[in-house]
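Chains as they are written, first to last, in this note's numbering: chain A, 1 to 114; chain B, 1001 to 1115.
For the record, the hints were derived by calculation from the structure and aren't laboratory data. Computed from a predicted structure; not experimentally measured. Warning: the hint list may mix true and false statements.
[Stated by the list, open to error] 27 angstroms max Cα-Cα, derived DSS-like pairs, lysine-lysine:
| hint | chain 1 | residue 1 | chain 2 | residue 2 |
| --- | --- | --- | --- | --- |
| 1 | A | K54 | A | K113 |
| 2 | A | K56 | A | K71 |
| 3 | B | K1057 | A | K71 |
| 4 | B | K1013 | B | K1057 |
| 5 | A | K54 | A | K68 |
| 6 | A | K5 | B | K1057 |
Listed here are the chains, written in short residue letters.
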Amino acid sequence: DQQVKQNSPSLSVQEGRISILNCDYTNSMFDYFLWYKKYPAEGPTFLISISSIKDKNEDGRFTVFLNKSAKHLSLHIVPSQPGDSAVYFCAASARDTNAGKSTFGDGTTLTVKP
Amino acid sequence: KAGVTQTPRYLIKTRGQQVTLSCSPISGHRSVSWYQQTPGQGLQFLFEYFSETQRNKGNFPGRFSGRQFSNSRSEMNVSTLELGDSALYLCASSYNTGTGNTEAFFGQGTRLTVV
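Produce the entire structure from the sequences given, and follow the hints as far as they go.
This is the structure we're talking about:
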């Protein structure tokens, strides 16, 4: 039973346009959500997070939206740049029960074309 | 501040052998988690150590074990290696104290190949 799902394995967008990466989760105990970016031959790097008490968090070109009722979150990158091409992982954790454990999705490979 | 250091970066072992991977977290971080990433798969949680104690555990067989030392460095051991254990093993450290959530900082990983 996969608790965090990224249903699109890949996404291709043109430079300057918006990239929207989606993530769904099933465990209602999750209350903290993170996005990581991973380049080949490197470990994932933290991008942005959101707590369940919010529905939006913005950091520069990156915005994460959380819809708790739908158990859905999305990452928007505006404008997309070629350097954003990477694998993006969505992760979720439950603060009270498993604070040190994050459950990851399978990742979405984003390609931004010049 | 030095990042998370994993050694070795690459490893080739034969079936049936055992292997030990090492992780040095960021100074001051007491939580260390291990993940397995196989081709086309997300990061599968193995276990998390906090203050030398295993605090969380994923759904992996007992062949996978770990430990954490007093300086927060952690090791992961896999015994009786199988071909399916070939993967990128990632270590992540965080400042997480158990009362809240923080982001994790990942090492570059150890690429294990079992032949």
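Structure-based check of each hint:
1. A:K54 / A:K113: Given pair K54 (chain A), K113 (chain A) is violated - Cα atoms ~32 angstroms apart, limit 27 angstroms.
2. A:K56 / A:K71: holds, 14 angstroms
3. B:K1057 / A:K71: holds, 24 angstroms
4. B:K1013 / B:K1057: holds, 25 angstroms
5. A:K54 / A:K68: holds, 9 angstroms
6. A:K5 / B:K1057: holds, 20 angstroms
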